[in-house]
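J.: Chain by chain, the residues run as shown.
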Amino acid sequence: MNAASVSALIARSPPWLRDEAAAWLFVTRTVLGILLALGIAFRFDLSSPGSAAVTVSIIALPQAGMVLEKSFYRLLGTFLGAVVTLLLLAGLVQHRDLFIVAVAAWIGICTAAAARFRGFQAYGWLLCGYTTCLIGFPAFGDATHAFAIAVDRVTIVSVGILSAGVVNAVILPTRSADTLVHLVRRSFIDFVSFLDAATAPGGAATLATTQHQFSRDLANLESLRGASLFEDPTSRIRTTRLSAFIGSFMHASSRLQVLHRQLDDLRSEGHGPVLTALEPTLSKFRAVVRVNQSIPGSAREAAPIACQLQELLNEWDERQAGWRSTIDPPLDARGRAALLATGLLLREAVEHARVLAAVYAQLHAPRGGESGLQYHPRSVASDALLAAVGGVRAAVVLLVTCAFWIGTAWPEGFSATLLAAVGCALFASVPNPTLAARQMCIGFLVGLPALLVCYTWVLPAANGFAMLCLGLLPFLAFGAWLMTRPGQTLSGSGYFLMFLTGLDLSSPMKYDFINMCNNAVAQLAGIGIAAICLGVLAPGDPDWRRQRAWRLLLRSLTLAAHGNLTRLQPRFESRVRELTLQAMALRPVGRTAQADEAVGFLMLDIGDALIRWRTSVAAQGDDARAASTLIDATTAAVTHRDARALKELIRDLEDLQSNAVMELAAGIHDDTLCAAVTARLAALRTLRTGLTDFAEVPYAA
Amino acid sequence: MPREVDFSGVYVPSLLVAFVVVLPVFWLLDGALARAGVYRWVWHIDLFRLCLFVVMFGSLGLYWYR
Numbered sequence: 241m242n243a244a245s246v247s248a249l250i251a252r253s254p255p256w257l258r259d260e261a262a263a264w265l266f267v268t269r270t271v272l273g274i275l276l277a278l279g280i281a282f283r284f285d286l287s288s289p290g291s292a293a294v295t296v297s298i299i300a301l302p303q304a305g306m307v308l309e310k311s312f313y314r315l316l317g318t319f320l321g322a323v324v325t326l327l328l329l330a331g332l333v334q335h336r337d338l339f340i341v342a343v344a345a346w347i348g349i350c351t352a353a354a355a356r357f358r359g360f361q362a363y364g365w366l367l368c369g370y371t372t373c374l375i376g377f378p379a380f381g382d383a384t385h386a387f388a389i390a391v392d393r394v395t396i397v398s399v400g401i402l403s404a405g406v407v408n409a410v411i412l413p414t415r416s417a418d419t420l421v422h423l424v425r426r427s428f429i430d431f432v433s434f435l436d437a438a439t440a441p442g443g444a445a446t447l448a449t450t451q452h453q454f455s456r457d458l459a460n461l462e463s464l465r466g467a468s469l470f471e472d473p474t475s476r477i478r479t480t481r482l483s484a485f486i487g488s489f490m491h492a493s494s495r496l497q498v499l500h501r502q503l504d505d506l507r508s509e510g511h512g513p514v515l516t517a518l519e520p521t522l523s524k525f526r527a528v529v530r531v532n533q534s535i536p537g538s539a540r541e542a543a544p545i546a547c548q549l550q551e552l553l554n555e556w557d558e559r560q561a562g563w564r565s566t567i568d569p570p571l572d573a574r575g576r577a578a579l580l581a582t583g584l585l586l587r588e589a590v591e592h593a594r595v596l597a598a599v600y601a602q603l604h605a606p607r608g609g610e611s612g613l614q615y616h617p618r619s620v621a622s623d624a625l626l627a628a629v630g631g632v633r634a635a636v637v638l639l640v641t642c643a644f645w646i647g648t649a650w651p652e653g654f655s656a657t658l659l660a661a662v663g664c665a666l667f668a669s670v671p672n673p674t675l676a677a678r679q680m681c682i683g684f685l686v687g688l689p690a691l692l693v694c695y696t697w698v699l700p701a702a703n704g705f706a707m708l709c710l711g712l713l714p715f716l717a718f719g720a721w722l723m724t725r726p727g728q729t730l731s732g733s734g735y736f737l738m739f740l741t742g743l744d745l746s747s748p749m750k751y752d753f754i755n756m757c758n759n760a761v762a763q764l765a766g767i768g769i770a771a772i773c774l775g776v777l778a779p780g781d782p783d784w785r786r787q788r789a790w791r792l793l794l795r796s797l798t799l800a801a802h803g804n805l806t807r808l809q810p811r812f813e814s815r816v817r818e819l820t821l822q823a824m825a826l827r828p829v830g831r832t833a834q835a836d837e838a839v840g841f842l843m844l845d846i847g848d849a850l851i852r853w854r855t856s857v858a859a860q861g862d863d864a865r866a867a868s869t870l871i872d873a874t875t876a877a878v879t880h881r882d883a884r885a886l887k888e889l890i891r892d893l894e895d896l897q898s899n900a901v902m903e904l905a906a907g908i909h910d911d912t913l914c915a916a917v918t919a920r921l922a923a924l925r926t927l928r929t930g931l932t933d934f935a936e937v938p939y940a941a
Numbered sequence: 445m446p447r448e449v450d451f452s453g454v455y456v457p458s459l460l461v462a463f464v465v466v467l468p469v470f471w472l473l474d475g476a477l478a479r480a481g482v483y484r485w486v487w488h489i490d491l492f493r494l495c496l497f498v499v500m501f502g503s504l505g506l507y508w509y510r
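Chain order of the listed sequences is U and F. Just so we're on the same page, the working numbering is the position in the first sequence counted from 1, plus 240. Just so we're on the same page, the working numbering is the position in the second sequence counted from 1, plus 444.
Don't read these hints as lab results, they were simulated from the structure. None of the hints are false.
Chain U is nowhere near these chain F residues, computed Cβ spacing over 10 angstroms in every case:
id : residue
1  : P446
2  : R447
3  : E448
4  : D450
5  : F451
6  : S452
7  : S458
8  : V461
9  : V465
10 : V469
11 : G502
12 : S503
13 : L504
14 : G505
15 : L506
Here's a subset of chain F near chain U, in silico, CB distances under 7 angstroms, partners left out:
id : residue
16 : G475
17 : A478
18 : Y483
19 : I489
20 : D490
21 : L491
Beta carbons are placed, not taken as given, at the ideal position from N, Cα and C, and that holds for glycine.
All chains should be built: construct the whole structure from the sequences, respecting the hints.
T.: Following this line, the structure appears as structure tokens:
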């Protein structure tokens, strides 16, 4: 543990202090970063020190790793955007209209491309788009200096990024790596509690909620892992192991859910003796994920668990051989088949829990242990149509505002155009673009009086850099504080954008009150245009977007039905979890979440069963046609939510299941046949329970 | 070493060249130190790394400018 890291200290403090302390540390770092950037820019006599300060405010985030990651992609985007602008200028400098169309097209392409990426990578693409606008329009009228303008822009962004990076990493840092360690530990504890709930009777409703929490944790773990990579090389050494942990956490919790549904099914069907036969293994399973009867709180303490689970697996194998004998426990053919199939699922759950525990224990070692670990890429699932619509909208908004700017010969048209383009690009892929744009507008409106006060009374009185810093301090601190308020982050960004751009700090300072007011009005108009366009132009209708998200989620089953079988399970699972999170984000306010969550997790089960079925059929190498009929019927019934088809399908599955039971009874003494039929039976059982539950769940969208 | 380097007509300050040259070297050294476990003995890792970079960059800059 790094002694300089205050996040560990804060984590141990009482709750009221924890949030406020974190907020004020953020304020301190942001303000210091802005002042440092201003100082450097003034010292080196750069053209617009204000823009360096804006850069710091844009990449201001609560954790050092996030700041560095966003900086990295901001720099990359700016650089690529600058190169593209110079190329466009070189080709089209004599054709104004063509140039504008080219810039609009580029912004559209980048905005659409951003939807294929996540987090800060997407942000880098957006920046790459509107940097052409930022550099291209001023440089167009002054083509001989285009190169200098582009270099200026890259320089000023670099200064902002370096200042923010240094301040956030060195001065009272809150590190992503620490948060990550905390979250990894909590995930394992949650997993053990989930295991308790899943292997005990009842509790299906809370399980879906826990699973949704897991999906969110998985997404957080993944983004924290990405951010911590930028913090220091010790995180880079651990990253493969962390990725493997995330993957096995996802797997193990899904397997537990499948097991839970089967156990519930057995209970409702009245398979008492089967449950009694399984109970010793289940209770032992609950016991061996603990060390000295308590859940281990850290990777070091978790070391013995993997061995204990391995012992349980060996024990299970012996016991399973006994289950196949017809005397002990005394069961009929159906009961024995249910016991063997559920036992197989239980074995899988134990096996995955063992992998999870092993990877978790390995995280403790400073290095090594990578061999044999799988890197789990998180899937990016996006709606291609929505992405395209977002791109076209950004391009159209730019064209329209440019036409207005040219038609009215508005002197400040540039600011308005720029902000309209930025707003449309930035909010294209957030769940609620209108709300985001409205928040940003609020930030601009709050920033306006602050700007007027500062410009009229504070700035003229500041002689020298030290006095300027003192004068700016309260205004900057307020903006940073606004960013820390939950739900007001965008307002804070808007405030900073309005305030810092409006001040237009430069040396020597040029006072032009009228110009400042005109610019402020243009900025407000620009963000207003963006807000209106996001609300009015498609896809403004949230219902439509939600329906598309749900359809995409249901269609993800085709991946399980037809995808290449190698490593299909992790790919399918991470896709479904991603899509469920997206669909949940579009849920209308005040709606209960449980039904929606349940659909997402039923998709996990149904897809899992399909993959299981395909694998068992592929292993046997026969009746491939019958198998594909079942798969096609399932995919069709689920994607079209056809209640009658579902009912028929469930009836067919029951027939298939009783055939398998008879087959199993006939071949109970043949090892290979028994294993193959048990696997098929497990697939049929999970598919049937999944579909039965799916037919009962109230449809979400 | 001249103060500016001519890259096919574009004049780049040689300090920027020094920065770009030092960056990968620092990156390799940084990784090696982490693998060797040196950072477990450092109180403020990021401050240490920043200073290491400044020392490397400053040395190369001074060497070129002297």
